[in-house]
Amino acid sequence: MGVKHLGQASREETVRTTKGELNMRTTRLRQKIKKFLNERGEANTTEILEHVNSTMRHGTTPQQLGNVLSKDKDILKVATTKRGGALSGRYEICVWTLRPGVLDGEN
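In numbering that gives the first Met the number 0, the protein residues as written are 0 to 106.
Hints were generated in silico from the structure; no laboratory data involved. For glycine and all other residues, C-beta sits at the position ideal for the given N, C-alpha and C. Misleading hints may appear alongside valid ones.
[What the hints assert, rightly or not] With a straight-line cut-off of 30 Å between C-alpha atoms, the simulated DSSO-like cross-links for lysine-lysine are: (1) Lys34 to Lys70; (2) Lys81 to Lys34; (3) Lys81 to Lys70; (4) Lys76 to Lys34.
[Stated by the list, open to error] Here are the simulated distance ranges between beta carbons: (5) Gln63 to Leu86: 21 to 27 Å; (6) Glu41 to Asn66: 25 to 31 Å; (7) Asn37 to Arg82: 20 to 26 Å; (8) Arg89 to Arg27: 20 to 26 Å; (9) Ser69 to Pro99: 15 to 21 Å; (10) Ala78 to Arg56: 28 to 34 Å; (11) Arg56 to Lys81: 31 to 37 Å; (12) Arg29 to Ala85: 30 to 36 Å.
Given the sequences, and given the hints that come with them, work out the whole structure.
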């Protein structure tokens with residue numbers, strides 16, 4: 000327990016700042032996903048990832064996309080579907096849709 004100097008942030012303050020920045024960082028990504036799902040109705044994780052990475056300058060990672068999809072209350076997981084890869088065999092991916100009435104008030 001050393002002396003805390005002026006301007007030195009505590010660990011809790013740093014974590015709060017980091018979480019706030021991450022939340023702001025994903026705002027544009029969330030808007031892009033919601034607009035895509037509103038137009039499509041349903042889409043699986045891979046389709047959403049391809050859309051985001053082809054239309055946004057910096058895109059996103061599969062991990063970040065999975066976190067946004069699973070934690071956003073306006074986006075619902077409706078099913079899983081099997082996917083077959085040449086090297087990885089068969090695996091399941093999630094199918095997502097918007098909660099009804101989410102974008103009704105937007106143009």
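The hints, checked one at a time:
| no. | hint | verdict |
| --- | --- | --- |
| 1 | Lys34 to Lys70 | 17 Å, holds |
| 2 | Lys81 to Lys34 | 25 Å, holds |
| 3 | Lys81 to Lys70 | 23 Å, holds |
| 4 | Lys76 to Lys34 | 16 Å, holds |
| 5 | Gln63 to Leu86: 21 to 27 Å | 24 Å, holds |
| 6 | Glu41 to Asn66: 25 to 31 Å | 20 Å, violated |
| 7 | Asn37 to Arg82: 20 to 26 Å | 24 Å, holds |
| 8 | Arg89 to Arg27: 20 to 26 Å | 34 Å, violated |
| 9 | Ser69 to Pro99: 15 to 21 Å | 19 Å, holds |
| 10 | Ala78 to Arg56: 28 to 34 Å | 31 Å, holds |
| 11 | Arg56 to Lys81: 31 to 37 Å | 33 Å, holds |
| 12 | Arg29 to Ala85: 30 to 36 Å | 32 Å, holds |
Consistency with the previously given hints fails for numbers 6 and 8, ordered from lowest to highest.
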